[in-house]
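Taking the hints into account, I'd like the entire structure generated from these sequences.
Convert by adding 230 to the 1-based position in the sequence shown; the result is the number in the working numbering.
You may find that some hints are simply not true.
[What the hints assert, rightly or not] Simulated pairs of lysine to aspartate or glutamate, EDC-like, Cα-Cα distance not exceeding 16 Å:
no., residue 1, residue 2
1, K464, E417
2, K258, E236
3, K302, E329
4, K437, E417
5, K356, D320
6, K363, D379
7, K511, E537
8, K583, E475
9, K326, E296
10, K302, E259
11, K237, D281
12, K478, E518
13, K478, D521
14, K596, E537
15, K608, E537
16, K299, E259
17, K338, D320
18, K610, D587
19, K258, E344
20, K608, D594
21, K356, E279
22, K303, E329
23, K482, D521
24, K482, D433
25, K503, D433
26, K583, D505
27, K583, D594
28, K237, E259
What the hints contain is simulated information worked out from the structure, not anything from laboratory work.
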Amino acid sequence: MNNKSEKILIVDDVSKNIQILGNILSQKEFQIAYAQSGEQALEICNHQEFDLILLDIMMPGMDGYEVCKRLKKDPKTNEIPIIFLTAKADMDSIIKGFETGGQDYITKPFNAAELLARVNNHLLIKSQRETLKSMNNHLEDLVKERTKDLEIANHQLSILDQAKSNFLSLISHEIRTPLNGVIGLTELLNQTNIDNDQKEYLDYLSKVSKRLVNFSDTALLITTLKIDRYFPEKLPVSINNIINEVIKEYRKDDIKSNLNIDSDFGTEQILVKVDSELIKKCFQMIIENADRFAGENSNLIISLQIEDNMVSVVFSDDGPGFSETALSGLFELFSSGDILHSEGSGLGLAASKLILDAHEGSIDVKNSDKGGAQVTVKLKLLS
231 MNNKSEKILI VDDVSKNIQI LGNILSQKEF QIAYAQSGEQ ALEICNHQEF DLILLDIMMP
291 GMDGYEVCKR LKKDPKTNEI PIIFLTAKAD MDSIIKGFET GGQDYITKPF NAAELLARVN
351 NHLLIKSQRE TLKSMNNHLE DLVKERTKDL EIANHQLSIL DQAKSNFLSL ISHEIRTPLN
411 GVIGLTELLN QTNIDNDQKE YLDYLSKVSK RLVNFSDTAL LITTLKIDRY FPEKLPVSIN
471 NIINEVIKEY RKDDIKSNLN IDSDFGTEQI LVKVDSELIK KCFQMIIENA DRFAGENSNL
531 IISLQIEDNM VSVVFSDDGP GFSETALSGL FELFSSGDIL HSEGSGLGLA ASKLILDAHE
591 GSIDVKNSDK GGAQVTVKLK LLS
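Here's what the structure looks like:
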């Protein structure tokens, strides 16, 4: 054998054919081995690796087709390209050669230029295939490594999220317990003989206490939604009724509100499949922030629109609208800017967006061309 890396096995029962092929291939200094029968070829392949096999079809005993079949069944040799050597150029013989696993064929007598071109092409294809396989194996190893790293990171995040959820649950409980006591005491004091100034102080104390409880509940809700610990109980309900209940509860809880709420959606009942408590919470947050930041004696119009199997609940106020700062980070948790406007700081639109994500809905926030803010909540209609 020569010193060139490509190893070629010539299988032919005629010594003269082996000599001719050897002379042609020696021009490129390939490493060459010989076999004069199918059995001998299989034995040699069992002990050595080859990059290409030139295989005669018509041989006594085991013919080239059978040799090819056995080589292709063996995992050690099934990727070696095989070029058939044949004096039979009829279509049936060629097709049979391909069916048994051969990659190409060369007819006798041999043309040196054609032989070398076909040999070089198949060696190049084999080399490229091995390079691609090596790259794929490397990529698979990298993917496995990255996947393992991600699994570890996700596990750690899951632990942190659980710890955060447990912490917020504890904080929520610890805040609610004394605040409920404060709220209860203020209600009792309101029933005693107090002057107007004292009553105003108690009303303010009750209001801010309820806001703290609401903030605590919202923060806890965001956490449970973020870590998929809240499972919405979706039932068919009327979106009209949900809106009316939210408006009624809001007016009852905040009788001193200067926000004028007008609902415009007619009498037709529009059905959706949602967790009514979550959707009510979403609508309450929007209304509360409109009240807080839309300005004195402001107006909020709630309307319904139906399009493409979706119902849009549109909240439009006539306040100052959103600042550029608020618009740039509307859906970020604990971003600067409240749920509707830029004054103060709050939970942003994150809570509402998480609620709607859980319902495969959406929320869009913008400044109206006519002035003021506009929040549009979209939900799927009950099919």
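Verification of the hints:
{"no.": "1", "hint": "K464 x E417", "verdict": "36 Å, violated"}
{"no.": "2", "hint": "K258 x E236", "verdict": "10 Å, holds"}
{"no.": "3", "hint": "K302 x E329", "verdict": "11 Å, holds"}
{"no.": "4", "hint": "K437 x E417", "verdict": "11 Å, holds"}
{"no.": "5", "hint": "K356 x D320", "verdict": "27 Å, violated"}
{"no.": "6", "hint": "K363 x D379", "verdict": "24 Å, violated"}
{"no.": "7", "hint": "K511 x E537", "verdict": "24 Å, violated"}
{"no.": "8", "hint": "K583 x E475", "verdict": "21 Å, violated"}
{"no.": "9", "hint": "K326 x E296", "verdict": "11 Å, holds"}
{"no.": "10", "hint": "K302 x E259", "verdict": "27 Å, violated"}
{"no.": "11", "hint": "K237 x D281", "verdict": "5 Å, holds"}
{"no.": "12", "hint": "K478 x E518", "verdict": "13 Å, holds"}
{"no.": "13", "hint": "K478 x D521", "verdict": "15 Å, holds"}
{"no.": "14", "hint": "K596 x E537", "verdict": "20 Å, violated"}
{"no.": "15", "hint": "K608 x E537", "verdict": "10 Å, holds"}
{"no.": "16", "hint": "K299 x E259", "verdict": "29 Å, violated"}
{"no.": "17", "hint": "K338 x D320", "verdict": "13 Å, holds"}
{"no.": "18", "hint": "K610 x D587", "verdict": "12 Å, holds"}
{"no.": "19", "hint": "K258 x E344", "verdict": "14 Å, holds"}
{"no.": "20", "hint": "K608 x D594", "verdict": "8 Å, holds"}
{"no.": "21", "hint": "K356 x E279", "verdict": "13 Å, holds"}
{"no.": "22", "hint": "K303 x E329", "verdict": "13 Å, holds"}
{"no.": "23", "hint": "K482 x D521", "verdict": "14 Å, holds"}
{"no.": "24", "hint": "K482 x D433", "verdict": "14 Å, holds"}
{"no.": "25", "hint": "K503 x D433", "verdict": "38 Å, violated"}
{"no.": "26", "hint": "K583 x D505", "verdict": "14 Å, holds"}
{"no.": "27", "hint": "K583 x D594", "verdict": "9 Å, holds"}
{"no.": "28", "hint": "K237 x E259", "verdict": "10 Å, holds"}
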